[in-house]
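> One-letter residues, chain by chain:
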Amino acid sequence: MFSKEVAELLQKLNRDENKDDLKIISIQTNDMLNSKIPAGPLENKWKNYKSTCKLVNPANKRKIEVIVVGTGLAGASAAAALGELGYKVKAFCFQDSPRRAHSIAAQGGINAAKNYQNDGDSIYRLFYDTIKGGDYRAREGNVHRLAEVSGNIIDQCVAQGVPFAREYGGLLSNRSFGGTQVQRTFYAAGQTGQQLLIGAYQALERQVALGNVDMYSRHEMLELVMIDGKTRGIICRNLVTGELERHFGHAVLLCTGGYGNVFYLSTNAMGSNVTANWKAHKKGALFANPCFTQIHPTCIPVSGDHQSKLTLMSESLRNDGRIWVPKKQGDNRKPNEIPEEERDYYLERRYPAFGNLVPRDVASRAAKERCDAGYGVGTSKQAVYLDYADAIKRYGKIEANKQGLANVDEETIIKLGKEVVKEKYGNLFDMYEKITGENPYEVPMRIYPAVHYTMGGLWVDYELMTTVPGLYALGECNFSDHGANRLGASALMQGLADGYFVIPYTIGNYLADEIHVKPIPTDHPAFADAESKVRDRIHMLMNIKGTQTVESFHKRLGKIMWDKCGMARNAEGLKQAIKEIQQLKQEFWSDVRIPGEINEMNPELDKANRVADFIELGELMCIDALNREESCGGHFREEHQTEEGEALRHDDKFMYVAAWEMKGDHEWQLHKEDLNYEVVKPSQRSYK
Amino acid sequence: MEHKNINVKLKVWRQRNSNDKGSFETYDANNISTEMSFLEMFDVLNEELIRDGKDPIAFDHDCREGICGMCSMYINGRPHGPWHANTTCQLHMRAFNDGDTIVVEPWRAKAFPVIKDLMVDRTAFDRIIQAGGYVSVNTGNAVDGNSIPIEKDKADASFAAAMCIGCGACVAACKNSSAMLFTSAKVAHLALLPQGDPERKSRVVNMIAQMDKEGFGACTNTGACEAVCPKEISISNIARLNMEYTSACLTSDK
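Keeping their order, the protein sequence lines are chains A and B. Numbering follows our numbering, with no gaps: position 674 of the first sequence is 679. Numbering follows our numbering, with no gaps: position 13 of the second sequence is 14.
Take these hints with a grain of salt, some might be off.
Simulated pairs of lysine to any residue, SDA-like, Cα-Cα distance not exceeding 25 Å [as the list claims (entries may be wrong)]:
id	chain 1	residue 1	chain 2	residue 2
1	B	K55	A	D466
2	A	K538	A	S313
3	A	K612	B	D122
4	A	K55	A	M547
5	A	K52	B	G141
6	B	K111	A	T246
7	A	K550	B	I7
8	B	K55	A	M275
9	B	K5	A	T57
10	A	K386	B	I7
11	A	K429	B	A158
12	B	K55	A	D414
13	B	K22	A	E605
14	B	K155	A	R180
15	A	K439	B	G141
16	A	K560	B	A228
17	A	K50	A	K538
18	A	K427	B	K153
19	A	K429	A	D414
20	B	K55	A	K55
21	A	K93	B	G141
22	A	K427	B	K12
Derived by calculation from the structure, the hints in this document are not laboratory data.
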């Protein structure tokens with residue numbers, strides 16, 4: 006195996022440059038991870054598991070308490086489904102209502118292998134596309150199960166009253182998405198995530214009304230409570246009063262989403278954070294593939310230092326738009342003043358076969374390359390044009406033909422074309438105009454890649470249990486189904502699969518052995534210890550009374566991550582980033598300024614808790630990126646590319662999940678879970 | 002887009018907690034780029050307040066792209082500010098001129114008590130949903146999605162109502178602090194679909210009872226709710242709610 010070289014590299018780095026203030030990072034290998042994939046042929050694994058897993062009888066379910074942290078698609082669906090089964094559930098979210106979780110912002114759609122379009126889709130094809138899309142770094146067993154339950158999700162959502170798009174015959178409509186060859190994406194205009202989340206939220210509120218779920222909004226989990234090696238509860242902060250609360254559970258489900266906000270700027274909501282997961286990580290839950298992050302190519306670019314978040318423009322815009330930059334560096338002319346022959350349609354030039362429709366990772370890296378080389382546009386020069394002028398003319402001509410108009414002038418064609426484009430993309434164009442103040446029907450849009458999704462997360466086995474007994478991770482916060490790159494319209498599918506159709510079975514297999522455990526009173530010393538640990542940390546933060554704001558630290562962390570662990574990474578940059586993050590951590594803990602009091606609503610304190618954890622996660626992400634000396638999916642190491650500049654995997658050395666165990670400050674141990682492809686044969690991707 | 006920097010004066014409602022009386026305070030926000038969003042202007046101001054050792058202004062926000070419904074500022078006498086069909090987080094500073102004074106308040110309604118500064122407690126909306134804003138279907142017993150054909154027009158109308166983001170602007174704009182637009186959007190969403198039919202009568206009756214219990218006012222058809230709704234939820238949903246309610250009451254077996 007590998008990793009000796011990297012271990013030496015890191016140790017050398019620490020010895021040479023950071024004698025005083027840094028500890029040694031250790032990297033070791035072992036094969037202690039048991040993914041618990043059921044035996045037997047791929048298509049029977051889940052069926053057999055369901056038939057043989059342990060069950061908890063209804064009378065006992067009423068005595069068992071389950072904690073669910075986070076109320077997005079995974080959390081709300083899990084809390085609702087477990088409540089329906091009769092478990093006593095407590096659900097927590099930091100927002101003012103469970104309906105606001107960031108799943109709500111998903112635009113495009115949700116995949117399901119229904120084959121309603123009779124175009125050859127099947128469970129196997131959805132499984133295959135997901136494995137391949139993940140660049141062969143996901144588990145076959147998990148992904149096949151995901152494909153198997155995908156159809157049930159659509160049925161369940163329809164039954165709840167989710168208003169999916171429909172055809173005139175009254176049946177469900179599908180569209181194609183993200184380069185697959187079948188139409189399997191179900192959608193509700195550009196608000197699919199919202200409609201699915203509202204469905205899950207309503208199911209959750211129904212359980213609240215029935216008394217099966219207690220809902221705690223404006224609460225944030227700040228510690229995990231362990232008793233005799235098992236998860237037994239959480240400590241959380243009531244964000245309104247600042248009080249710390251103790252909650253017991255026979256099991257805890259983390260459904261807390263992704264960690265994209267480690268980059269400061271991302272398409273995530275402002276509150277999205279890694280804190281609950283990080284507490285679990287510190288209690289022994291392994292963190293898998295942290296460096297696998299997805300950068301989405303079509304987002305509205307940064308307009309200045311004040312920028313607080315980035316907004317995604319649906320990928321569908323690349324179907325009709327052409328992407329270009331000026332041929333001349335630092336060209337300050339307005340886009341309409343740059344003649345055709347002085348424009349570089351760089352995707353069409355570099356990838357003649359796929360052109361503007363290359364996959365997300367390729368399009369993102371190409372935009373970065375042009376901007377870094379000095380061809381970027383707009384005030385910041387960190388943007389490229391997405392131009393609809395040609396599409397408007399093309400659609401205008403088609404429309405003129407349809408209407409039987411002869412000898413139409415240019416003006417009429419453009420007018421007709423704009424109407425067609427408005428019908429197809431109107432809501433996106435409006436959104437662009439609100440943010441930028443520019444009319445995209447007249448001037449080309451400016452776009453730039455932005456952090457969007459994190460494939461890495463807490464390591465879980467087939468049952469979605471982390472390496473900590475009784476602690477589960479569902480949805481984006483686990484690592485399991487998307488490998489190194491997620492396909493469009495698959496995030497919603499995974500969140501709901503985990504919550505509605507996987508955890509209700511797998512959790513019983515654990516809880517069946519817990520029926521004799523009476524609820525543990527929260528005055529147990531383990532609860533007291535955990536609470537005092539949280540209290541100490543909050544006091545420590547508040548007593549720093551430094552000079553720099555939390556926000557300023559977060560921005561600096563984001564810049565380090567984006568520059569050195571973003572779209573393209575190299576060993577030199579990553580080593581530097583690790584050093585810079587370690588220094589940033591020291592500076593944070595000695596100079597951060599948090600206003601206000603502990604026992605009151607204090608958003609700056611909430612943020613400080615989150616940023617402190619992001620800083621530590623940032624370091625681990627860089628270590629993971631440094632360790633993975635190959636390029637795959639969203640992880641691109643500049644040293645490992647084909648002659649044409651494409652991602653180059655090293656299956657012989659890296660066909661594994663990198664699961665990291667925290668051993669101390671700046672110290673992690675690597676555990677490897679080898680990936681065995683029994684059904685699919687890995688191959689190299691090409692888009693020329 | 003041509004952009005410039007402007008100076009504005011802010012009169013912001015400050016209230017330490019729900020027991021505090023609260024008052025307006027005035028702040029200068031200088032050198033504000035017109036490319037900033039309204040909330041980014043508040044970020045800049047808060048950074049200054051923290052550096053000066055003062056308490057930053059608390060406000061609700063999360064997705065900052067107009068879909069989560071968390072942001073909730075009452076700007077110059079209008080929920081979410083001057084732009085049509087817009088949330089506070091989507092409002093940008095080019096909506097204002099150099100030298101403007103901008104008044105910012107929280108949602109004002111008895112059923113939405115202030116938590117701190119510009120943050121209010123909207124859990125009353127969750128309780129209205131708990132009263133019946135769902136289809137009672139347990140996970141796992143659904144039939145095939147395509148076995149329930151739904152007329153496209155009805156599905157589209159249902160979707161248009163389901164687009165509500167639950168921000169509460171309708172309540173804040175209403176002189177009676179009525180939650181009729183919010184409640185009617187959910188009643189219409191489900192009443193227009195065959196899946197919602199079995200519980201149609203009990204849903205509307207129970208949701209209205211909960212709405213009244215929370216302390217929201219009655220509807221007097223002023224239409225302010227529709228005018229400020231960021232998702233352009235139509236007031237015709239209220240007409241549908243009234244129809245559903247009347248018919249439920251007249252035909253109820255209970």
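> Now tell me, hint by hint, if it's right for this structure.
Status of each hint after checking the structure:
1. With a C-alpha separation of about 48 Å, the suggested pair K55 of chain B and D466 of chain A falls outside the 25 Å cut-off, and the hint is violated.
2. For a cut-off of 25 Å, the pair hint linking K538 of chain A to S313 of chain A is broken: about 31 Å separates their Cα positions.
3. Proposed proximity of K612 of chain A and D122 of chain B is supported: the alpha carbons are some 20 Å apart, at most 25 Å.
4. For a cut-off of 25 Å, the pair hint linking K55 of chain A to M547 of chain A is broken: about 49 Å separates their Cα positions.
5. Of the pairs offered as hints, the one joining K52 of chain A and G141 of chain B holds, with about 15 Å between alpha carbons and a cut-off of 25 Å not exceeded.
6. Taken as a hint, the K111 of chain B and T246 of chain A pair is honoured in the structure, with Cα atoms around 20 Å apart against an allowance of 25 Å.
7. For a cut-off of 25 Å, the pair hint linking K550 of chain A to I7 of chain B is broken: about 32 Å separates their Cα positions.
8. Of the pairs offered as hints, the one joining K55 of chain B and M275 of chain A holds, with about 22 Å between alpha carbons and a cut-off of 25 Å not exceeded.
9. Between K5 of chain B and T57 of chain A the alpha-carbon distance is near 67 Å, which puts this suggested pair outside the 25 Å criterion.
10. About 23 Å separates the Cα atoms of K386 of chain A and I7 of chain B, which keeps this hinted pair within 25 Å; it holds.
11. Among the hinted pairs, K429 of chain A with A158 of chain B is consistent with the structure: their alpha-carbon atoms are about 19 Å apart, no more than 25 Å.
12. Taking the CA atoms of K55 of chain B and D414 of chain A, the gap is near 63 Å; set against the 25 Å cutoff, the hint is violated.
13. With a C-alpha separation of about 16 Å, the suggested pairing of K22 of chain B with E605 of chain A holds against the 25 Å cut-off.
14. For the suggested pair K155 of chain B and R180 of chain A, the alpha carbons sit about 20 Å apart, so the restraint of at most 25 Å is met.
15. A C-alpha spacing of about 42 Å is found between K439 of chain A and G141 of chain B, which places the hinted pair above 25 Å, so the restraint is violated.
16. The straight-line distance between the Cα atoms of K560 of chain A and A228 of chain B is roughly 38 Å, outside the 25 Å bound, and the hint therefore fails.
17. Between K50 of chain A and K538 of chain A the alpha-carbon distance is near 42 Å, which puts this suggested pair outside the 25 Å criterion.
18. The suggested pairing of K427 of chain A with K153 of chain B holds, with an alpha-carbon distance near 21 Å, which does not exceed 25 Å.
19. Distance check on the hinted pair: K429 of chain A and D414 of chain A sit about 23 Å apart at the alpha-carbon level, within 25 Å; holds.
20. Only pairs whose Cα atoms come within 25 Å are accepted, and K55 of chain B paired with K55 of chain A is rejected, the gap being roughly 58 Å.
21. With a C-alpha separation of about 19 Å, the suggested pair K93 of chain A and G141 of chain B falls inside the 25 Å cut-off, and the hint holds.
22. Distance restraint check for K427 of chain A and K12 of chain B: the Cα-Cα separation of roughly 39 Å exceeds the 25 Å cut-off, and the hinted pair is therefore not satisfied.
Violated hints, in rising order: 1, 2, 4, 7, 9, 12, 15, 16, 17, 20, 22; the structure is consistent with all others.
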